[in-house]
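If you read the sequences in order, they're chains A and B. So my numbering is basically just the index in the first sequence, starting at one, shifted up by 23. So my numbering is basically just the index in the second sequence, starting at one, shifted up by 1424.
Derived by calculation from the structure, the hints in this document are not laboratory data. These figures come from a predicted structure and were not determined experimentally. Warning: the hint list may mix true and false statements.
Stated by the list, open to error - Quick list of in silico lysine to any residue cross-link-like pairs, SDA-like style, CA-CA up to 25 Å:
#1 K644(A) with K1529(B)
#2 K1582(B) with G646(A)
#3 K1541(B) with A594(A)
To be verified - Among chain A residues calculated to face chain B with C-beta under 8 Å, some are:
#4 G70
#5 A294
#6 Y296
#7 V300
#8 G317
#9 K318
#10 G322
#11 A335
#12 G336
#13 S349
#14 E351
#15 K415
#16 T417
#17 Q451
#18 G454
We treat Cβ as the ideally placed atom computed from N, Cα and C, and that holds for glycine.
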Amino acid sequence: MTIQELDKIRASKKELIDVRRLVKEQAEKLAPNTGYRHQVLVCGGTGCTSSHSLKVIEQLEASFRELGIDDVLLVKTGCFGLCALGPIMIVYPEGAFYAQMTPEHAKTVAEKHLVKGGSVVKELLYKGTVHEDGSIIPFAETPFYKKQMRIALRNCGVIAAEDIDEAIAAGDYMALEKVLTSMTPDDVVKEVLDSGLRGRGGAGFPTGRKWMFAKASEGDIKYVCCNADEGDPGAFMDRSVLEGDPHCVLEAMTIAGYAIGAHQGYIYVRAEYPVAVERLKIAIGQARKYGLLGKNILGLGFDFDIDLRLGAGAFVCGEETALMTSIEGHRGEPRPRPPFPAVKGLFGKPTILNNVETWANINPIIVKGAKWFSSIGTERSKGTKVFALGGKITNVGLVEVPMGTTLREIVEEIGGGIPNGKKFKAAQTGGPSGGCIPADLIDTPIDFDNLVAIGSMMGSGGLIVLDEDTCMVDISKFYLEFTADESCGKCTPCRIGTKRLLELLTKITEGKGSEEDLVKIEEIAEHMKSSSLCALGQSAPNPILSTLSKFRKEYEDHIYNHHCTAGVCKALLTYQIDKEKCIGCGMCARNCPASAITRTDYTAPGHKLASFAIDPARCIKCGVCLQNCKFKAVERK
Amino acid sequence: MKQSEAGCAGCETLGTPEQQAKLHAVIDSSKATPGCLMHILQEAQGIYGYLPMSVQKVIALELGISLSEVYGVVTFYSQFSLTPKGKHRISVCLGTACYVKGSDKILAEIEKELGIKSGECTADGLFSIDTCRCVGACGLAPVMMIGEEVYGRLTPDKVKGILDSYKQEEQNA
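Same shape as in the complex, but just chain B:
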């Protein structure tokens, strides 16, 4: 339900002229390659941060395929998002190696600290939480990623300090 609501809100805009130009450039350059839809969606998500319905419509139109096909692919893969993500995207690894070392407790602590659940974004747009299956840094289990930064050998009591450092950075900026 939530997803479709956000999608409709997204219908109104295709972003800045710069974003639009980038999107069209991506579509034009990869259109001819067989199986290009995934690549275009990945690039589009890079441009917009997520995949609003308006963007999906443009892609469907340009590729001459139905919107339902585009939407079907978007909702199939966990990497694609229909809703905006936070400025700092937290991703907690729930792969086996991390799970047996207590990553569920790390996730619970982050959720408690930020007052949101996995899959949600804080009201100020600063953080969003997701879970992932193995970033491959099993030697450091349990791990989480914030943006591109990997935090390893975590314990629940380390969580607050890490999140605070991002909040602090934001206040200083």
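Here chain A stands alone, though its shape is the one from the complex:
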């Protein structure tokens, strides 16, 4: 394919894409030019397909046939971000945002809205987009979307994820064209350096410097790798980029190849992401067919190709040297650094490895310039960051905000706060390598350095909100179980340290801990930080250290008072029946799986039947009695 042919594709689909990006009035004006009365975008990302969005698509196709609708375009996109409301469907040019769709709802929308002369079915719209007086609020104006700024996710939920033409029309490969026609490799490295872009995978190393080192390394063979082994549980932004806009990653890797002098790239992707793997395969196939990968790209004399490598479920493979060892087909164990991958990486050759979200920022940096990019964000953290909001929060989903946005804005405004009237307790960032941010630090502007300063880290961007029902000791134990399980075993501090820390935490959650244990935990943690081979072991104690410094009282409560405030640690709970409140109905006893509840001979004044009591020796603390009692007679202490 030549540049002229690329331009032709851009021109032919430009208006189609514009309708999805413009505000309602402009979109409605433009829509007739596209040849379609409506465009229906249905999310085909993992979140929405898990809630059966594909059945919604099937139903729409069937309804279109039935109703003879042939001038409505149906598009299967990537993630819109608001996963909690899935399956999501947006109808343009109106920008009508339908949420929690079912095939029945889809049928209704087809019959009432998508037919000629139809109008929006307000009852099925996302409630946040309908004003009290019945008027419709554009979804871009809702609290969830308003504060967001989409750079990495610019095309997610906008284009058909499996259609290269739409990707091209939406701006993909524009940066590659610019690089190959008007920039030297040095220019490219300088642009990325000047942008201030830092790696989005966790550590925040300046991307441009990585490229500079790899460029400076001698060698005829070099490699470009993409880390798509998103192992941090609760983080799914990389998956969404791959599912929604796979071409932006292919393009950025090709640009890096040109900059450092590499001709082969590898994408290492989790096998647990079947949809992302499939879309990548399709995208690579299309790019090769179009001559955007392979020999003589765009006829401009540069060769670059990309292969996929599937992970097989090992968290440590997210570490750069372990990932490369895994691509080589071995046990994914890390290697000591130096030598750094930029000098000696994959197959012993100079290699750069960047994470998916980092790659997704390259195209805008090249197209709009380093100056534009570096004007966004804070002094030392430029651009935006995508967060996967999860846990005890109303709007679970994917959000992209400028660096420096406060946690309060993310949790309360964008996230819609904590459901069920519960209180915010902490936010966990950085996954098993990060820490917890307590409520009194909720106004901290989030960037790489601020998070480290308050004892957590950016990590890949998982942001799990915890409410008052979460026990901080238990959550540390949860992360330690994870790292103990995922420690590869190569170096002693990590292999044994994680195990010992887990034992100590287990002791505390069982009410058998002592003050000495806290001292031991801190000692082991220090040793692990200073002497583990890779970041997994070095950062594994972070969840404990951060909760110990911010929520020490909870640890002490477990140790001295044998009490778990949140009511999570089973060994420390007791269930009792208030004999004055118990009316003697027996619901608790009938549902007790351990037959631990029996009738007593006491009848409370005003009640007809004798009350029940729990035998603490037989009670397994499952809480079924508490759930079943309608008279609030069961108490948990």
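Based on these hints, arrange chain B on the given structure of chain A.
Using the frame of chain A, we list chain B on its own:
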């Protein structure tokens, strides 16, 4: 212990002639690619449902590497299994988002309902239970997968009904 026992039982057979042919085809087509071992193991697990010792031996022999190297890779990655899995593979997500929403209680309910623990397979070969770390459907937490099907917004009382639907389907078949 359990794993090595199952591995030895697997030594006796390389499966049906069809499976053997597929295995050799995979090995022959990827042999030349550097770092092909993982890919071959993934394909082999697709063919056999797990990786019996006999299959690992053939792969080692064909690639000219030691069996211990193959076994080392197989046991390193959680995706590879040395024991057969159930017809319906249940995978309960214990990622953070699901955990804080009570996925441990979902797992306990499934274990109780089927009478087996995570990592085991029911005697009739119908179900096996495993845990996983995040399928990325955090908006639906807590979630589990049975085969390719994702079940979200679970509560312990929904578990029985879901499992029964699979049992029912089996009886009707």
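| Hint check against the structure, violated hint numbers in rising order | Hints 7, 8, 9, 10 and 16 not satisfied by this model.
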